[in-house]
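The primary structure of each chain is shown beneath.
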Amino acid sequence: MDVIAGNLDVFGQGLLISIQISVSTFVLAGGLGLLLTVCRISPVLPLRLAATAYVELVRSIPLLVLLILFVFGLPEIGLVGPLLGTAVVAMSLYWATFFSETMRSGVRAVPQGQIEAARALGFTFGQVLRLVVLPQALRTIIQPLASLLIAIVLNSSLAAAVGVTQELTGQTQLLDQRYAQPLVTFGAAAICYVAMAFIIGRSAGYLDRRLAVQR
Amino acid sequence: MSSTTEQPARDGVGDPEISLAPVTVASPGGLRARFAAIGAQDAALFDVPGPRGRQRIRIATVVSIVVLAVMLAAGVRQFAVNGQLEWSKWQLFTQWPVIRYLLNALWATLQVTLISGAIALPLGALLALARLSRSPLLSRPATLFVEVLRAVPLLLLIYALLLGLPSTGIRIPLFWLLIIPIVLTNAAVLAEIFRAAVKALPRGQTEAAYALGLGYWPAMRLVVLPQAVRLAAPALISQIIRLLKDSTLGYVVSYLELLYSARVLGEFNHTVIQSFVVVAAVFIVANLTLAALAGQVERRIGGAGGRA
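Chains as they are written, first to last, in our numbering: chain P, 1 to 215; chain F, 1 to 308.
Hints are computed from structural coordinates only; laboratory data are not their basis. Quick caveat, the model's predicted, so the values are computed rather than measured. Just to be clear, a hint being listed does not mean it is correct.
Unchecked claim - Restraint-style ranges between C-beta atoms, simulated for each label pair:
| no. | chain 1 | residue 1 | chain 2 | residue 2 | range |
| --- | --- | --- | --- | --- | --- |
| 1 | P | Ser-203 | F | Gln-111 | 39 to 49 Å |
| 2 | P | Asp-2 | F | Gly-204 | 55 to 65 Å |
| 3 | F | Val-62 | P | Ser-203 | 37 to 47 Å |
What the hints assert, rightly or not - Some chain F residues judged to face chain P by a derived CB distance under 8 Å, without partners named:
| no. | residue |
| --- | --- |
| 4 | Thr-248 |
| 5 | Leu-256 |
| 6 | Leu-259 |
Using N, Cα and C, we set each Cβ at its ideal position, and we do this for glycine too.
Use the sequences and the hints to build the structure in full.
Here you go:
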């Protein structure tokens, strides 16, 4: 137990970096996912095809393969960036596909009559989206988005496998090498992850109850 | 919706009721129409475009083709400028020894997937039954196991086993160092899928079974489980496909599956990026093939599942 007490700052630092990676991935992937979704539902054929192909292909590549391809492959073609940034970009490109799928399912969950009614009232495409579709779609995808965030947090640990040792799993590994008390160190890290997942899940449940659409 | 280690289950699988028939692409035949139908399910969001709208769509089409082409060209140029497009760097992958090496690695990847799936599936079912049981002696530990293992990264488990086991003096082969963590996390996820399916069955089913004089376990075995398994089949299958991605963590324990093999190959021949690109392509093909197979299976059992 002394290992934990003596290294609270190390754990704290690792936790903080993990949260940073997860949040920036979530935000970046969310933006890119939104862009993909817009392309996929746009009337412009090349955009629809390109976005659909992107989602289908990138989703099929395991995250670790993508991470390694970016971290070890990009320098080979002359693109060298900071390690942490590269990892976050690779993760964002991967999770954007899942964002896009989730957002699309949200748009589809809005009853078609709502959209038709809005159009019959003379709303433009932008108004239909902004006033009718998105408010309802966002509420139905709170829980799926929370699951996505949990998945992102858990998989942020994969950054450790490509050398981002500052984050929680990487720090735990280093502590284990120094103190050789695997049960304690890995147990503590596991508790951190479980706590994060628990908090995200609970907040999503709360939001979901508060904002649920009455149908 | 369960939070999985890899990704949340794909939500709203198609929702056939609200597949919005596109107004603009009425005729089913033809390549053009088939292309146009991709992603066209959401077409009801806008009115059929008028002359000005069509004009705008035409302009947007041209602009987007140009932008996409520029992006593609920039990517290819980046490869070419750094000499990564040279045939000598790619020729490797046309040679039989290298192909055989990669096929062996693919087989190792499939082995990890199949074996961990074969263990995790029944384990998940047992966990779900335990969690659903009325005895707290069974349900409490099962709940704890499932909730904790769904919220712990696979990599952390692998490190814990990889670094923790030697200090206890237990030695197990690399293969199992990879399989055991994959099985543990996926059993938890699969258990939640099973449980959700059982919960989704109408209460009347169990009540009718009890009314016929069946006890808890006979009702479970004869009435609930057969329906629940069908109901859960699509989600179970896509979770098993996800195991294919988990197998890449063999890289961490230096087990020679596809990813780690690619690294060895790339470092040995100085074709790092080529090897990883090829392996990514193999994963895409493998994943899409498995997904297509799963689609066929789903269609076979789908009709019965929908009724439950």
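Going down the list of hints, with the structure as the test:
1. P/Ser-203 - F/Gln-111: 39 to 49 Å: Taking Cβ atoms as reference, P/Ser-203 and F/Gln-111 lie about 40 Å apart, which means the hint holds.
2. P/Asp-2 - F/Gly-204: 55 to 65 Å: Holds - the Cβ-Cβ distance for P/Asp-2 and F/Gly-204, about 57 Å, lies within 55 to 65 Å.
3. F/Val-62 - P/Ser-203: 37 to 47 Å: holds, 45 Å
4. Thr-248: holds, 4 Å
5. Leu-256: F/Leu-256 check fails; min Cβ-Cβ to chain P is 15 Å, beyond 8 Å.
6. Leu-259: Hint on F/Leu-259: holds, closest Cβ of chain P at ~6 Å, below 8 Å.
The structure shown violates just one earlier hint, number 5.
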